[in-house]
Amino acid sequence: MDDTESTTTSADENTGNLCDNPTRDTLAEGLLGLLKPTVDQLDDRVRATRISQLELKQQIESLNEELQKVREALNNHPDLDPYVKKLIACKHKVTVVLNVLQASQDRLNEIRRMISKEKGVRIAIQQEPAPEPEQDALEKDLDHLKAKNPTFCLEVGSGSGVIITAFGMAFPKTFCVSTDINFKACEMSKATSIHNNVQLDSVAMDLACNFVNHMFDVIIFNPPYVVTDSNECGASDITASWAGGLKGREVTDRFLAMIPKKLAPNGVFYLLLIEDNIPNEVVQIMSRYGFKSETVIKRRVKNEQQLVLKFYM
Amino acid sequence: MKLITHNMLTSKCLKGVVTGYPLAINATYVKVTEVGFDPEFIGRVIPKLDWEVLWVAADSIGHSEGLPKTLEPKFEENEEFLKKAHRVLLEVEVEEGHLTCPESGRQFPISKGIPNMLLNEAEVQ
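Same order as they appear, the protein sequences are chains Z and P. Start counting the first sequence at 1; every next residue gets the next number (our numbering). Start counting the second sequence at 1; every next residue gets the next number (our numbering).
If you are wondering where the hints come from, they were derived from the structure by calculation, not from laboratory data. Ideal placement from N, C-alpha and C gives every residue a C-beta, glycine not left out. Please note: incorrect hints may appear among the correct ones.
One side of the interface only, derived from the structure: several residues of chain P facing chain Z at Cβ under 10 angstroms [what the hints assert, rightly or not]: (1) D38; (2) L67; (3) L119.
Turn these sequences into a full structure, and let the hints steer you where they fit.
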């Protein structure tokens, strides 16, 4: 009974004096002490979560702003259309300009090519200072030639064609033929003759190799007479207009051997040489073929002592 | 190339070719230009040429009409004939085409009225 009473008493005590029960306080404090770090921790976490949520909210807001801007930008995009069109138009214009420039460039290249070609021909003319003296030589010999009334005249290595054209002008009753190892020179010779109303046929060949024998009443040769290495001689480009190889005579000597066959009976052969070519040797070679010789003219041109020799039977 | 020039051309400098004459003409473009007629010159030129070769050449490019195959005596007094000869000798020109060596068949191009008879070293006798 006591026990029950006491239990009741103690239960009464427990419920009756809740405030001033030291044991309970201690217990509560203990519990509190036990829970506090966890609660604090929870508290902290909640605070952190709130802070991060706040941040998230800000982020979302700014994102929303961005999205708004994007939407605005997206809504504005039809405004870009004219600019895009302008850009495309610009692109077209640039392409057109590029094409025009390309075409101009091509034409410029073409012109440059033609200029260098022209220059080549000019150089050829300059390096054959022969035209002047040879024309003079022919003029000096005009009466003699006129009396012969030549039917066919051949110029070998006519280059620009100035000599044969001048001849054709002086001898309108002679049919003129020219050869050159360079096809472009043949074109040039022909153009020069046409320009001066002279009847001329031009054939690309080596010397006079492709003509039947004993055809020409007059043969004119202004050879490549510059003394050079042998290997420099024998091309068909612009060097062919001046490179004469050994003694500047390699091409000349090859042609001298053809003269007896190519010249018509009573034909005359005019040859331009410089002193370096040792003209006496040429005279000797020709006399072995049965030709007489005569110096038509001797003259100093620039640094060259030039002479025109005439050979006949 | 006028037919007067064709009359003088040969390919005999080709290796293995004996006469190389006359060269056959294949013309893709023939030009006719008027040239002043000089009967004295034509009369003087004809005896120096091979008339038969000239006739065949003129025929091969379609310009032999009215041209006699063989020379008649005293042709130099026949102005009608001299005019026809003048035409085929000086006025008719082969501008484009080629010449062919009768022995080797080697072709030589004609362009811008200029026959190109150039050979490479291996082709020369």
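Q. Does the structure break any of the earlier hints, and which numbers would those be?
A. 2
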